[in-house]
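2 protein chains.
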Amino acid sequence: MPEIPEQQSSPDPDERIVLAHGGGGELTRRLLADHVVNKLANDLLDPLTDSADLGPLDGRVCLTTDAFVVQPLEFPGGDIGRLAVCGTVNDLAVMGAVPKALSLALIIEEGLPIATLDRIVESIAAAADEAGVVVATGDTKVVEHHGSGGMTVTTAGVGLLSPDGPAGADGLAGEAAIRPGDAVLLSGRIAEHGLAVMSARENLAFRTSLRSDVAPLTGLVQAVLASAADVRFVRDPTRGGLAGLLADLAEQTRLCIEVEESAVPVSAAARHTAELLGLDPLTVANEGKIVAVVSADTAEEALAACRAHPLGADGAVVGRFGEPSDWPLVELITRAGGRRIVQRPYGEDLPRIC
Amino acid sequence: MPEIPEQQSSPDPDERIVLAHGGGGELTRRLLADHVVNKLANDLLDPLTDSADLGPLDGRVCLTTDAFVVQPLEFPGGDIGRLAVCGTVNDLAVMGAVPKALSLALIIEEGLPIATLDRIVESIAAAADEAGVVVATGDTKVVEHHGSGGMTVTTAGVGLLSPDGPAGADGLAGEAAIRPGDAVLLSGRIAEHGLAVMSARENLAFRTSLRSDVAPLTGLVQAVLASAADVRFVRDPTRGGLAGLLADLAEQTRLCIEVEESAVPVSAAARHTAELLGLDPLTVANEGKIVAVVSADTAEEALAACRAHPLGADGAVVGRFGEPSDWPLVELITRAGGRRIVQRPYGEDLPRIC
Chain A
1 MPEIPEQQSS PDPDERIVLA HGGGGELTRR LLADHVVNKL ANDLLDPLTD
51 SADLGPLDGR VCLTTDAFVV QPLEFPGGDI GRLAVCGTVN DLAVMGAVPK
101 ALSLALIIEE GLPIATLDRI VESIAAAADE AGVVVATGDT KVVEHHGSGG
151 MTVTTAGVGL LSPDGPAGAD GLAGEAAIRP GDAVLLSGRI AEHGLAVMSA
201 RENLAFRTSL RSDVAPLTGL VQAVLASAAD VRFVRDPTRG GLAGLLADLA
251 EQTRLCIEVE ESAVPVSAAA RHTAELLGLD PLTVANEGKI VAVVSADTAE
301 EALAACRAHP LGADGAVVGR FGEPSDWPLV ELITRAGGRR IVQRPYGEDL
351 PRIC
Chain B
1001 MPEIPEQQSS PDPDERIVLA HGGGGELTRR LLADHVVNKL ANDLLDPLTD
1051 SADLGPLDGR VCLTTDAFVV QPLEFPGGDI GRLAVCGTVN DLAVMGAVPK
1101 ALSLALIIEE GLPIATLDRI VESIAAAADE AGVVVATGDT KVVEHHGSGG
1151 MTVTTAGVGL LSPDGPAGAD GLAGEAAIRP GDAVLLSGRI AEHGLAVMSA
1201 RENLAFRTSL RSDVAPLTGL VQAVLASAAD VRFVRDPTRG GLAGLLADLA
1251 EQTRLCIEVE ESAVPVSAAA RHTAELLGLD PLTVANEGKI VAVVSADTAE
1301 EALAACRAHP LGADGAVVGR FGEPSDWPLV ELITRAGGRR IVQRPYGEDL
1351 PRIC
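Heads up: the sequence lines are chains A and B, in that order.
When we follow our numbering, the leftmost residue of the first sequence carries the number 1, and every step to the right adds one.
When we follow our numbering, the leftmost residue of the second sequence carries the number 1001, and every step to the right adds one.
Simulated from the structure, these hints should not be mistaken for lab results.
Here a beta-carbon is modelled for each residue, glycine too, at the ideal position from N, C-alpha and C.
It cannot be assumed that every hint is accurate.
To be verified - Non-contacting residues of chain B with respect to chain A, defined by C-beta distances greater than 10 Å in every case (computed):
1. ASP1012
2. GLY1024
3. ASN1038
4. GLY1055
5. ASN1090
6. LEU1092
7. ALA1126
8. GLY1138
9. VAL1142
10. GLY1244
11. GLU1260
12. PRO1265
13. LEU1276
14. ASP1280
15. VAL1317
16. PRO1328
Unchecked claim - Facing chain A, according to a computed beta carbon distance under 10 Å, are these residues of chain B, among others:
17. LEU1102
18. ARG1254
19. CYS1354
Claimed, not checked - From chain B, some residues computed to sit far from chain A (all C-beta separations above 10 Å):
20. MET1095
21. ALA1101
22. GLY1132
23. GLU1144
24. LEU1161
25. ALA1177
26. THR1208
27. ALA1228
28. ALA1269
29. ALA1299
30. THR1334
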């Protein structure tokens, strides 16, 4: 006699998400009250109005959003909730903006263990706290189970560019300000987010001590901006890694870029895991690093400010911008003294990394 | 010989979404440039920076978000894109806020026809235009195909509460201001969104002329607020319908509510479709209606302002708040003169309705 498939049995709504959790009735209210709103409690969220009233905001208002589909939902060093908070905070941070409030939209598959949801929402609360921001408003939907992995998290963030901040009222000058000779500062070891997620997915976790670097970067960016350095541009090398970011910059500035392989911080664990997975660390996603482009004569000031911050202790100047070119390339000067062209990764290699 | 299953053949990335469209490489850039950003073009979005700089905003800033998982993606009268824009605009509108900017996060399944994406993004652009708002920032992810139906859309919105608006600096007074005797104003015919979606899903579309009422409500809300009426509270009766909204209000105010069935506008098509589907129109979702609670002596002014607006032409006073009670109920006075208790719908009935 065949076994009754697991999905035929009615799941306990105290143990696992069921469709009725998303229907807007009593189960929805209990789910939100006991597993979401209570963990995120703050003055903006608690009234549970249709939208959160942030009050008057003094400065230039920035808005950003990110959708997260990472698999697995939890990985060494983080989870989809921490990733969502940090990703959105960091999109604001690299503009020179300080985050004020987040929105949080959860799309949950039926069957997700409530205990998993609890851990992820607690992680969202902790990451928001660490980043100095609150979840001011949200929405939760429940969809049928079809094996996509449990949940997606979409955050939007409102941040403020201070009119008297070091970068001026317009935020960072942007890539248009980059000049030949400018230095490329990297705030620490690369590839640890992508490799930690891939290792967890491939059941390699036991072989490596790698942990995702996912972290809110507002403090680090503000520290570099507050230094005496002439900072032209800041971005976080996420999907596409350092290679993708530099390829974009070369294309946008029409300037060549030289990178010193020996100067790029990569841990031994990351190097070995990347080899095992057949990946180039330069193309692997980071979630807690910045690349700053600074004038050559002030690179030391920027580097000192970076290293003085806990999240930038391993910072290094890893390259420089070269001359204008009709075919601007990113070139890696290898440890052996050779040169190879650094290319934007082909996308399909690393789905569900963020 | 068995046929080769369709999913084994490599889809044409100009015809259908493939995983590489989400990988951050050349295909991603082409997808965004040719099918998303070009259709939404505006001064805030076009720089494609990590976050959009909205500039200084004068007033109280409101933030809201919604995730949309409606099935099918397109239905008579609307689609998931129009629904997302209107849903978020309306969350701001019912606070008395005027929308300034939206964020747009798309999670697309591989296999979605590019032509479907095109229609939905064009619908987003048209709805934003209609609502007087722009999509200022966005994110797009691609996930494996697993039959969940093509895509989800999550929007967040920033709006402004005018300090000199009719509702004062704090927006609407909220449910705490509601008093016994207050009138319940409904802006038009109910149940048309939910029934149109259900009809499309059940292949009943050919039997009915029903279309979703999905529309941006800022203008209608502002018109009612600008009238001489004493408006205590405004909300749009979406998921859970009119019944769900009134049940919430009875619970929050601890006041009974009486509704006149004969006064509630329901089209013949909606009544017949609801009967066919075994649904009570009172519990079915709307996406283009408001419920306003106004003082009894100013209800006529509110009604006149509502009816003068194209989206409120069928508006009616449908009920009134009664006395305080330990067990506050919503009671329907039926056409036959009987009474029945109106209950919040049980959630599972209508999944994927928004």
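Legend entry - Unmet hints by their number, sorted upward, for this structure: 2, 4, 5, 6, 8, 9, 10, 18, 20, 21, 23 and 24
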